[in-house]
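Asks: Chains as they are written, first to last, in the working numbering: chain A, 1 to 270; chain B, 271 to 556.
What the hints contain is simulated information worked out from the structure, not anything from laboratory work. Beta carbons: idealized from backbone N, C-alpha and C, even for Gly. A portion of the hints provided could be inaccurate.
[Stated by the list, open to error] Facing chain B, a subset of chain A residues (Cβ under 8 Å, in silico):
no., residue
1, Glu54
2, Asn55
3, Arg56
4, Leu81
5, Thr92
6, Arg93
7, Asn99
8, Gln102
9, Arg178
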Amino acid sequence: MSGRVIVITSGKGGVGKTTASANIGVSLAQTGVSVAMVDMDIGLRNLDILMGLENRVVYNLVDVVEERCKLRQALVKDKRLPNLCLLPAAQTRDKSAVNAEQMKKLCGELKALFDYVIVDSPAGIESGFQNAVAGAEEAIVITTPEMSAVRDADRIVGLLEARKEEISQYRLVLNRVRPGMIRTNDMMSVEDVLEILSVKLLGVVPEDEQIIVSTNKGEPIAGTDNIRSGLAFRNIARRLRGEDVPFMDLDELNANWFGKVVKFFAPARV
Amino acid sequence: MPKIAIISQQDKGVLIDVGGCSTLQEVTQQLISTLQISSEFWAGMNIDLNLGELKLSETEVSQILSIAAEVGIKPHQIFASNAATKEALATHKVLVGTGRPMTLAVGPLATEPLEPAATHAQPDSGNIRDAAGAVPAPAATEVHTASNNDANATCTASGAAVEPDASSTAPAPPAILYLRQTLRSGQSVSHQGHLIIIGDVNPGAEVRADGDITVWGALRGVAHAGLNGNTCAEIRALRLEPIQLRIAHAIARSPDRPHKTTQSRTGPETARVINGTIRITANNPD
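In isolation and in its complexed conformation, chain A is listed as follows (with noise of 0.2 Å):
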C-alpha cells in the first residue's frame, strides 16, 4: 500500500491549520478510509487537543526519531474511529529536533501503513514549515479572505512552486467565510481571494461559533451531522478522493426568510 501524503499549511498563524487539519483527518477517516495524522508544530503542539487525545499521548514524533520507540508505539487511536491515528508532536522541544530527512523517511514508513497521511504544519516559512512540507507529494493551503492571510498563503504557494518535484498539487481552502459581510463588501470573495492567488479550489469553508466549542470539547466538528463548517470539511474530503461534489451555497446559509425572498427576486446579485 503507498497512501497519499498531504500537508496542510498556511504561513499565516490562527487561520486554521490545526482545525482543518483535524476535520479533513476525521472526514477522510468517515469515508472509510485509513488515515494518519502527523503533528509537525513541535514545542506547540495542539491537534492532539483539537482531537481529545491528549491525555492518551505517551510517545511523540520526537522519540519516533530518535528512535526512543517505534513507531507502532507513538501512534495513538482515535476515540472514534478505528481508522483514524494520531502521530504527536514533541511538546517540550523545538522544531530543530528534527530535520527534512528524518520526516522524508518518517513520512515514508506511514504512507506504507496508511491510506492518507496527514501533516498539520507550524505556522511560518522556517525550518518547521520545511520539514512538514518534506515528505509530503500534496499540499493544501488554508487562507483566510483577509489581505494578510492571502498574502502570506501568496508566499506559501511560491514556496509550494519551488518544490515542484516533490509537491505534485497544491490546492486551497478558504477558511471562516462571513457570506454576510461579502454580500455588504466588507470582506474579500471567494472569487476575490482567487484571482490574487490563481490556485485550484478545494473548499470553502463558513465562519462557525461551534468550532470554539468543537476545539474546548475535543471533538471536531466534521463528526457532528446537520453543521455547515462540518458538511464542508466532509465536502472537502470527498473531493481529496477525487469526488465531485459541487461547492456549496454559501448565501443559503447566513440568509433569513427575508434574504431569501430578496436571492428570489435577484438571484445574480452576488
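Place chain B on chain A using the hints.
Replies: Here is chain B on its own, set in the frame of chain A:
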C-alpha cells in the same frame, strides 16, 4: 534533549545543562528564564554549568557569566566539550569541569517501551479515578537490583533522612530537588531523587523523578514518578488534575469527559500504585 535541564548531583549541588541549546541567544534566554524566576532558590547553592558542544567566544562566555552573576550565582565549574569554548573559559579563570558531566536520566519508558495496545486505544471507561490502562509493573526484585540510587528505600521508611549520609556505605537516600517555580507548557524537570515543586505544573509541562513528586499547587500536566521502575513512588498535589500520571510502568490518564464529582472535589490527593494500577486517594486531615 531539552534546551535546559536542571540536574541534581546529589551532594555536589546542581548542574545546569544548556547543552541542548544551539545558539548563544538560546542559552541566555533559557538561563534568564530559569535563573531569574527562582533566584532566591539558587542563592548559596553549589552550581555547575554544562555548555555541551556549544562553541563560544571569550565575550560570549563573559555574557553568560554576567547573567549568572546578576542573580548571585558564580558557577563552581563549567563543563564544555568544545575546545574553543574551553579556551575561552580558561581566560576567565573559571574552573573547567573534568570528566563527564551528569546527564538527564532516561526513564524506563525509553528503555523498556510499553506495548501500545495497553497504553493507547483504550475504551472510554479508562480514567485516572478507576485507573484503567495500567501496564503490569516489573517484579519488585528487578527494581531493587536495577537501581543503585535506591528510591525504593522510602517505601518502608518514608520520611528518611533528607541529607545524604556520606559516612554510610549503603546507597545514599535520594536527594531532593526543591523548585519554587510554576512550570509552564513545554518546560520539563527531571530529577534523580524526590521532586518538590512549590507552584503549579501547567498542561504541557512534564515533571519526572526517580522518587516521589510533590506539587504544592495544581498538577495539570504530565507527572512520572518512579522513573527507575520504583512502584512505591507517589505523586501528590494540592490539586491533582493531571493529563496523565505515570508511576514506574503504570500509566493512568485523565477522564475524557470530566466527571462532575471530579470537578467539585478539592483538596490534596495522592496517587500510588496498588495492585499494578494507579489509585488516587484524598489526603483528608481527619
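Asks: Does each hint hold? Answer for all of them.
Replies: Do the hints match the structure? See the list:
no., hint, in the structure
1, Glu54, "holds (6 Å)"
2, Asn55, "holds (4 Å)"
3, Arg56, "holds (6 Å)"
4, Leu81, "violated (11 Å)"
5, Thr92, "holds (4 Å)"
6, Arg93, "holds (7 Å)"
7, Asn99, "violated (13 Å)"
8, Gln102, "violated (15 Å)"
9, Arg178, "violated (32 Å)"
Comparing the model with each earlier hint shows violations of hints 4, 7, 8, 9; every other hint is respected.
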